[in-house]
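K.L.:
Now for the letters of each chain:
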Amino acid sequence: MASTANVGLAARPARAVGGQADVVAIRVAIIALLVVVWELASASGLFYRDVVPSLLAIGTALVKVLANPEFYHHLGVTLLEVGAALAIGGTLGLLVGFALGGSRFLSQAFEHYLYYLGPTPKIIFFPIMIMWFGVGPASKVAMGTLSCFFPIVLSVASGMRQIDPVLIRVGRSFKASRWQTAIKIHLPAMRAPILNGVRLGLGVAIIGTLLAETKLSNVGVGYLIMQAYSVFDMPRMYAMLIVLFTLAIGANALVGRLAGPAAARRS
Amino acid sequence: MATQHSTQSSWAAALFGFAVLVAATCVVEWMLRLGLLNRYIVPLPSEVMLSLPRIVIEEKIAGAFATTFLECFYAMLLVTVVGILTGILLYRFTALRAATETWVAAAASAPIVLAYPLFLVVFGRTMTTIVMIGFIAGLPPVILKTLEGLAGTRRVLVDVGRSLKLGAWQMFAKILLPAALPTVFVGLRLGLIFCLINIVGVEFLINYGGLGQVINDRAERYDLAGTYAAIGFVILTSVLFFIVTERIERWLRPQT
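So the protein lines, in turn, are chains A and B.
The first sequence finishes on residue 267 if you use my numbering, and the numbering steps up by one all the way, no holes.
The second sequence finishes on residue 1256 if you use my numbering, and the numbering steps up by one all the way, no holes.
Just so you know, the hints here were simulated from the structure itself, not pulled from any lab data.
Careful, some of the hints might be misleading.
Unchecked claim - Quick list of the computed label-pair ranges, beta carbon to beta carbon: (1) B:Arg-1247 x A:Ile-30: 38 to 46 Å; (2) B:Phe-1016 x A:Gln-227: 46 to 54 Å; (3) A:Ala-99 x B:Pro-1182: 32 to 40 Å; (4) B:Pro-1182 x A:Val-28: 33 to 41 Å; (5) B:Arg-1054 x A:Ile-30: 33 to 41 Å; (6) A:Gln-162 x B:Gly-1035: 44 to 52 Å; (7) A:Asp-164 x B:Val-1028: 24 to 32 Å; (8) B:Arg-1247 x A:Trp-132: 34 to 42 Å; (9) A:Val-28 x B:Phe-1016: 54 to 62 Å; (10) B:Gly-1152 x A:Gln-227: 46 to 54 Å; (11) A:Phe-174 x B:Leu-1236: 43 to 51 Å; (12) B:Ala-1019 x A:His-73: 44 to 52 Å; (13) B:Glu-1246 x A:Ile-31: 33 to 41 Å; (14) A:Leu-34 x B:Lys-1060: 37 to 45 Å.
Glycine residues also receive a C-beta, built at the ideal position from the N, C-alpha and C atoms.
Please model the complete structure; the sequences and the hints are all you need to start from.
P.N.:
Okay, structure coming up:
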């Protein structure tokens, strides 16, 4: 749902005004403050039982979750769904993005529809996906596909238009064929926008797939979260959310690193 | 002459795009009528069109729209106050900024909406849950853009303020804030988009009030045409909303 988290929100490198030591000290202080506030809130009895469990309880639940083989079965299903969604949505996004980026006419004809449809909440399409693909993993893959298609197609189309024309002219002067131009010029020049699109697409594919799992599913991490919610096992729910956020942010950072600094600047 | 040709060509392209959409809809209608597509899965597009007025009346769309609008309004009120103040705070204390700016940027890309069951436990199945998710989703862009706007104030303007011996408050009110406003509005627009996406999504997921619930209600009644029409209505509303906010942002952006 946070599919538009791509619009110029990358943090610029922090200026070392206060010095690196100050920065580390402030970070440690903030984390320590949060831990203290959390533990006080947990012990205060101001909240319903276990709404704010102690960090020890969350840590114990996290260990239990990670030690449970059943969790890995559900995680595997979710990862497969996200992977399939990214593969299908990414391929479609690349093809359509190349077509729109390569033709001014097609871009003017269709790109504004994609541009405005991109930020709409995709989860509202879930009832249609259930009707089309059933209640099993296929509808979750379809949700992920739909979610990741838009950022990838827009990123690829925009990247295609930004290829330095000099490179294309150099290719022509060397009498490069259409195929050689695509392989030797377009693809290398498009590395950053493609990977940036994949990074954004991966983030929203994870969200789309997991939200669909929380809405209607009997397998996957989203289902486990809802199961923990329905039996009010709060430490387990916190533990799974921690795993989920770590995986989502980790995957995002990994693809971002592959894309390199150029892509980070673009985002 | 070249500009005129370019405008004509862009109109032709837009017309072509629209014609393709209409043709695709007609093909689907034709395939459904011929039984090539299953009418229990895909309703006739003409039925969907006819369902729109029914949805508006039966589902009291105006009320649902007002609920979503109210949730967005409350969330954006919080986002504006907290986001801008935090942005100013981070601008004022550079060490704090250096320590936390990357965290705020990470929060902007974090899948916060996935924690909605947690919000349900804390705030219950109420409007507060939806508002709080909208608030947290919309906050990072406003903080980052406020910070960017203030930090990007042209050096010469600050120097003019100093030469006029403006106090800290005067410098902020007369120089920094006006210079940062266009960028702050970009952040507010992004925050509003994040808010709306998450609010409608959570309304649908927890089936509580607003436009998201309209879709859920229709789907649960297996009113196929109604479900498609409700989704179409929400998309239309979102698209109109994005167009309007984009125009406002463009209008506020200084001409270069």
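K.L.:
Going back to the hint list, which numbers does this structure go against?
P.N.:
Result: hints 5 and 7 break, sorted rising.
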